[in-house]
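In order, the protein sequences belong to chains A and B.
As numbered in my numbering, the first sequence has no gaps in its residue numbers, which increase by one up to the final residue, 588.
As numbered in my numbering, the second sequence has no gaps in its residue numbers, which increase by one up to the final residue, 239.
Source of the hints: derived by calculation from the structure; they are not laboratory data.
Warning: the hint list may mix true and false statements.
Derived pair list, reagent style BS3-like, types lysine-lysine, alpha-carbon separation capped at 27 Å [claimed, not checked]:
(1) A:K444 with B:K69
(2) A:K415 with A:K444
(3) B:K188 with A:K444
(4) A:K558 with A:K444
(5) B:K188 with B:K69
(6) A:K558 with B:K188
(7) A:K415 with A:K558
One-sided excerpt, in silico: chain A residues whose CB lies under 10 Å from chain B [to be verified]:
(8) S403
(9) R411
(10) T429
(11) G433
(12) G437
(13) P451
(14) V452
(15) S569
Think of the CB as a built atom: it goes at the ideal place given N, C-alpha and C, for glycine as much as any other residue.
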Amino acid sequence: MAQFFVVVSGQVESALFEDYDRLFAKVNFVHNGEGVEDWTVVDGAEAGLTQVARKSVDGGSPVFVFNYPIEVAYASTNVSGWPRLLVSMFSINGLGNHTLAGYGFVHVPTAPGRYTRYVRTFRPRSSSLWQRINAWLFGDPPEFLNLPKVLGDGKGREVARVVSSGVVKVTFNVSTKGLSAAGYSESASSVAAAASSTA
Amino acid sequence: MAEVHVIGEIAGASGFPSSSLFCKWSLEVGASGAVIGRGGEGGEAYAAAEGWRKISGTTSGRTQVDAPADDAPTVWAHPFDVHYALSTVVGWPRLKVEVWHQDRYGRDELYGYGFVHLPTAPGAHELDIATWRPARSWWDSLKAFFLGGSPELVNDDVVTAPLDRFNLQTESMGFVHVSVNVIHRHFAENDVQA
Numbered sequence: 390m391a392q393f394f395v396v397v398s399g400q401v402e403s404a405l406f407e408d409y410d411r412l413f414a415k416v417n418f419v420h421n422g423e424g425v426e427d428w429t430v431v432d433g434a435e436a437g438l439t440q441v442a443r444k445s446v447d448g449g450s451p452v453f454v455f456n457y458p459i460e461v462a463y464a465s466t467n468v469s470g471w472p473r474l475l476v477s478m479f480s481i482n483g484l485g486n487h488t489l490a491g492y493g494f495v496h497v498p499t500a501p502g503r504y505t506r507y508v509r510t511f512r513p514r515s516s517s518l519w520q521r522i523n524a525w526l527f528g529d530p531p532e533f534l535n536l537p538k539v540l541g542d543g544k545g546r547e548v549a550r551v552v553s554s555g556v557v558k559v560t561f562n563v564s565t566k567g568l569s570a571a572g573y574s575e576s577a578s579s580v581a582a583a584a585s586s587t588a
Numbered sequence: 046m047a048e049v050h051v052i053g054e055i056a057g058a059s060g061f062p063s064s065s066l067f068c069k070w071s072l073e074v075g076a077s078g079a080v081i082g083r084g085g086e087g088g089e090a091y092a093a094a095e096g097w098r099k100i101s102g103t104t105s106g107r108t109q110v111d112a113p114a115d116d117a118p119t120v121w122a123h124p125f126d127v128h129y130a131l132s133t134v135v136g137w138p139r140l141k142v143e144v145w146h147q148d149r150y151g152r153d154e155l156y157g158y159g160f161v162h163l164p165t166a167p168g169a170h171e172l173d174i175a176t177w178r179p180a181r182s183w184w185d186s187l188k189a190f191f192l193g194g195s196p197e198l199v200n201d202d203v204v205t206a207p208l209d210r211f212n213l214q215t216e217s218m219g220f221v222h223v224s225v226n227v228i229h230r231h232f233a234e235n236d237v238q239a
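When you get a sec, could you build the whole thing from the sequences and use the hints?
Okay, here's the thing in structure tokens:
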């Protein structure tokens, strides 16, 4: 079967979170899925860790700016299991402890071009009053154990209770090679072009 | 071989704590954020990045110092026009900027680092580059007040390379505004959609 390539670049630009002074992000790409093992990374890094950012001390900017680059290239023979970007936001409290601020995910756009995506994040809620008190006392809120499964595949969410948190701004540049040769059409314009050529 | 033209301008900046700003900029190409294709002023014809070759144009420079009246936005209107030949879309060009503030004594103080991947899609694009700078301790702030200057990165490759930055503490600054036009040549012949 014909192989095609997807090249993704861009950045985790910034985040808008209330009630936090210092934030950092863990960035992960996940690909493939249940019964799909076609995707391989041919270049770039699938995971990264941003700097610890804080808002402007001069009050000029209300957002946390990371401007963290993402660059990864994939090869595949099947569009099932299209890559997804997982973002985990963590805050650092006054004692230097890392506490979860929110999880979010977004699919890499399937059509070539430049995109801006706003990833809405959420974090798990404590399942009981005792755990809530414990989390507040020790600065250790609940987290998901198997993040790629829960966030990337949607497995095991049935019993999870979450509270929404902030928003992360991500920009993507997507380029593809060989998709049309493999018989795929990426965008509405290419579908229309194919329809007009067969008419 | 496919070709790409990048034609545009560093229009200006906004959201910085004070005016009298200038910008150092450079265009980089290279795989996986490795900074291996930074051209010099009027630079070498070949970028060291595998698969990318600079045909013409200047890939780094510095704007004038703009000190606008009142609270008007900073205007640089600094043009760039670069022509690349490429055999891979991996390592697409990145525009890296450093914003500096020049005080009344002529001292330069770092106001922000930032970068943006130039759009892969052809056409006219307006980009806003969010910037950050290393966070200052109270001692740094005191020193800056009397002596000028501010903490800087020893190695600014970290701005565009996807390395772990966890040891770095930063604060958010303003935005640099860029207008860019991207023109493709021979992409369709190579079955590349961008």
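Cross-check of the supplied hints:
1. A:K444 with B:K69: Measuring from Cα to Cα gives roughly 23 Å; hence the hint holds.
2. A:K415 with A:K444: Judged against 27 Å, a Cα distance of about 18 Å means the pair holds.
3. B:K188 with A:K444: holds, 21 Å
4. A:K558 with A:K444: Within the cut-off at roughly 15 Å; holds.
5. B:K188 with B:K69: holds, 24 Å
6. A:K558 with B:K188: Violated, at roughly 34 Å.
7. A:K415 with A:K558: holds, 14 Å
8. S403: With a closest approach of 5 Å, the S403 (chain A) hint holds.
9. R411: OK, holds: R411 (chain A) within 10 Å of chain B, min 8 Å.
10. T429: violated, 14 Å
11. G433: Where the cut-off is 10 Å and the nearest Cβ of chain B is about 5 Å from G433 (chain A), the hint holds.
12. G437: holds, 5 Å
13. P451: holds, 8 Å
14. V452: holds, 6 Å
15. S569: Since the shortest Cβ distance to chain B is 7 Å, the answer is holds.
The structure fails hints 6 and 10 (numbered hints given earlier, in ascending order).
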